[in-house]
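Asks: So you can see what is in the structure, the chains are spelled out below.
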Amino acid sequence: MSARRSRRTFLRGMGTGFAALPFLRVVESSYAQAAGEALPQRFIGVYHPHGIAAELFTLRDGETETSFDLGYADSPLAPFDDAATYGKSFKDKLVTIEGLDLLSDTNGHNSAGTILTGSRIVGGTGGLPEYSSLDQFLAVESSLGDATVVPSVALAVGNKELSARETLSFGKGGIPLSKIIDPVLAFNFLFKQAIVGSDPSAQAAAERQRRLGASLIDFVSEDVKRLRARVGPFEEQKLDQHLDALRALEKKYQALGSTSDCPLPARPTAFPELERYNGGEPYFDAITDLHIDLLGLALGCDITRFATLCMGDLSYAGNPLDLPVDNHGGMAHTYNASPLGSEGRPVGDGDPATWKLLAKFNRYAYGKVARLMQRLDESGVLDSTLIYAASDMGNPASHSTRNVPTVLAGGANGKLRMGRRIKYRTDCPLGTACDKTSSDYETNPHNRLLVSIAQAFGVDVDSFARQPLYANATGPLPGL
Amino acid sequence: MAGLGGATNAGGATAGASTGLGGTSGKGGTASADDLIPARVRRLATPEYDATVQALLATTASPASGPDFPPDLRQDGFTVNDAQRVDAVIVERLADAADELASEAKANGTLARLAPCAAGDDPAACARSFVTTFGAKAYRRPLVDDEVNALLALYTVGADGAAYEDGIAHVLRGLLQSAGFLYLTELGDAPPGTGPVELAPYELASTLSYLLTSAPADDELLAKALAGKLADPVEREAQARRLLANDARARDTVVRFVREWLGIDRVQEIAKDTLIYPAFDGLKASIVAESNDFVRAVAFESTGNVSELFGANWTVSSGPLALYRTAGSGPVAGSTLLDDRVGILNQAAFLATYANAHESHPIFRGVAIARRVVCLPLDSPASFDLSVVPPAPDPTKTTRERFSVHPADSICAGCHDVIDPFGFSFEHFDGMGAYRAEENGQDVDSSVVVALEADYDGPYADSNAMAAALAASPTVRECMARYVLRAAVGTGDSFATPGEPAFVEFWRTQPAAAQGNIVETLIAYVKNPTFTVRDAL
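Heads up: the sequence lines are chains A and B, in that order. Mapping to this note's numbering: the first sequence position 208 is 254, numbers consecutive. Mapping to this note's numbering: the second sequence position 472 is 550, numbers consecutive.
One chain only, chain A, in its complex shape (with noise of 0.2 Å):
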């Protein structure tokens, strides 16, 4: 990165020297729902930790795009179809894919934030995307979480550091947005101002808060487009994104003591401890399970359209998958891979035992995805909503953003074909030690994916993001 970062926010802010380029018609576009067209209406990201059995993932021979099996021994993917589970084969509400790399430029670690946001992560250490997320475009910059009390929420277990390594929400100019990792406070974010009940007492004092509330979101308003005049284009960017906050806020106020039929979840009891490192993660998964269940009626009560959810690991002594104490080194680390997971380099057969591990938590993280299909269908909301969940990275070993599989899920309103497993070549041929020069090398950047998801929500784009080559950027994914 050589850029100085205000300059070159500026410039993008700006469009200076970019004019021509349709990325801006990003921004300026507006979404429009054809006549009686169903759309997808929610959009939910997850990401999980430590990468992708992709030898166990791969549509197996015999099977094709639509004919497959999920219930094979070792299979990641077994919890889409195991009805005893999740009260039903969520089978044909999923579509798989391999074969997209991540373009982050840089180590998978730091490739979470390129997840939604197509962006290169630029600034070395700790660096950041440039371009907010796919959840943020849509439901703030497009005007699509207009419609419901809370616009959107990125909730976390575990890590609440503002950093590209596990977050996938970004605001303009590719600043991570907090996570909320406590379910208290989740509830809080998404239920408080429903919740107050008709109890005479408490509607009044919710009037008188109301009341309050309003005239300190038009004083802090008014302050901060005051101090926005005197600033110049980069901060504008900053104080545009308090302004947005304060109209979510406002919006809650403004909801305050309203009723709903809703069945609205009680509050969740506090954890002992939250983060990662401080005694956590024993309850990493009862947090995470929490987290999916305010979801399910956020989203299903229309408190909110956007989401995004970012796992985290099971690194304690003791943990329910009987994963190696420090799951990072002794089960991501150790990652012996094929030249499936290897960007098709000719490294021997690898180690299927590694696989095996891997595989073991990936099916736990998609566990959770069933789940949160689960209480989406229980709420009615589900063939409404396209869930993407993905990894920073395929092979963790080697931290590979290449070839990272990839799922979809939910009903996405009919606006994309489910039930399907699409499988597209690897970026270099298996066997083969092809480098970006090559000409059997083919990048499949999942900016297209990004562009897709885009279009299905009704936005009218033709690019997400900016990559060094154009075309990188540009166009929806071809057969999805």
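Keep in mind that the hints were calculated from the coordinates and are not lab data. Do not rely on the hints blindly, as some may be mistaken.
Said to hold, decoys possible - Derived EDC-like pairs (lysine to aspartate or glutamate); straight-line CA-CA distance at most 16 Å:
#, chain 1, residue 1, chain 2, residue 2
1, B, Lys-475, B, Glu-517
2, A, Lys-469, A, Asp-115
3, A, Lys-271, B, Asp-224
4, B, Lys-184, B, Asp-244
5, A, Lys-238, B, Asp-174
6, A, Lys-238, B, Glu-170
7, B, Lys-307, B, Glu-276
8, B, Lys-475, B, Asp-417
9, A, Lys-469, A, Glu-488
10, A, Lys-297, A, Asp-264
11, A, Lys-297, B, Asp-224
12, A, Lys-406, A, Asp-348
Knowing the structure of chain A, use the given hints to seat chain B on it.
Replies: Here is chain B on its own, set in the frame of chain A:
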């Protein structure tokens, strides 16, 4: 070579490390508008928010340091920077904190003290008096009419159907969420587009006081600013020395700079594999304490020199002495002489932070030395399209043998010729910083040759010998100065920080003794001519 399958070379790119040898950042020299910090606004960081409400309300509450507040966004490792935002979560936390602080101020008499209104006085006039006096303190500048009127409107809403104090409490809620309170401005008074701007006197007072104390300016500093005195570097220096002598928070700032510069503050967030390092959990508190107290002792109870930071043969008594070989009491009060390690780079915080949960990590350690101690820029392997495969565990080999996988003729060597000698020198210290003579039944080899045409070149038996050389290195001194600047500026652009070339030129004109001193380098930043200037809007 196990585990490191054919790394590929992206189109003959050469390693970036070779461009920065000799201790410059590769960005030095060219004076341009890029040499000025941009005119900007900066949201208060967590400790700044807490110190500011404490100064305004005489409260002991630290709302932003509580578990419910999101952390500050780090830039280049530094927590105080200009990237902080107010998003949908933070805006609610700020609203909650304002409610709680206003309730507390009402209940404990603070409001009555700050906004007195005797029986018979006109409440609206009392409110106006509060808004103009207290409002100016919260905004760190006098208010304009629009702001006064907007705050009086809040008073009216709050007092409507309630008491005078409820109206005042509502004004306080508004102030604590206002842009004027939450953002430090570095904008000047000049209209946009007229070239570089001079900070306004109030801004200069806040810039200096938040830099040093993370808190608003005190009366003396404000008086100097309003008298126009802070344009004079001599007066800025005098004020900085006054604050460093009298305000514990200023000393905290120096400690934070050093910890975040070296990345050792992150030791608070790490864990070790309990099967391999069962003692770590029990020692962690003392490792964290040492990472604070040793820096404080060097900076304020001893020489204050970077040579001592990296070359001391002692540590503080709060450190993890059970992990070290000690040799009686040290030169600083309450300190202990050490027999097996030299300087902060060989203390547990650095060694444990730059390691994996289950093993030492020569690459993490080597990269940290290259980037943060001698200021050599290194590119990420990904920028060469290299796929990095960490070496697999092997009970027959030492860590060094497993990590010695960067053949001289490969593209990897371009960077690893720099990284590996630094990193391997630490191999006598395991993943939590304990000394080890052997590993997996073999003698540990920590001998290295650093050959980078730099003033810290040499053959070293181990990281202690290397630390002694780094402690004496002019390159390391200058790198410290660069990181003091980067911490102070907070733009997050390592190796391209605006103002850095000009500052380094200025720092080189300081007396040699001051150049090697951490606090004196911070004072040099305060004195430097661009301290008061920002780039055009």
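Asks: A separate judgement is required for each hint: does it hold in the structure or not?
Replies: Results for each hint:
1. Lys-475(B) to Glu-517(B): Roughly 8 Å between the alpha carbons, so the hint for Lys-475(B) and Glu-517(B) holds.
2. Lys-469(A) to Asp-115(A): The hint holds at about 15 Å.
3. Lys-271(A) to Asp-224(B): Within the cut-off at roughly 12 Å; holds.
4. Lys-184(B) to Asp-244(B): Roughly 8 Å separates the two Cα atoms, so the pair holds.
5. Lys-238(A) to Asp-174(B): Satisfied, since the Cα-Cα distance of roughly 13 Å is no more than 16 Å.
6. Lys-238(A) to Glu-170(B): holds (12 Å)
7. Lys-307(B) to Glu-276(B): With Cα atoms ~14 Å apart, Lys-307(B) and Glu-276(B) stay inside 16 Å; holds.
8. Lys-475(B) to Asp-417(B): violated (27 Å)
9. Lys-469(A) to Glu-488(A): Holds, at roughly 14 Å.
10. Lys-297(A) to Asp-264(A): holds (12 Å)
11. Lys-297(A) to Asp-224(B): violated (25 Å)
12. Lys-406(A) to Asp-348(A): violated (34 Å)
In summary, the structure is inconsistent with hints 8, 11 and 12 from the numbered list given earlier, while agreeing with the others.
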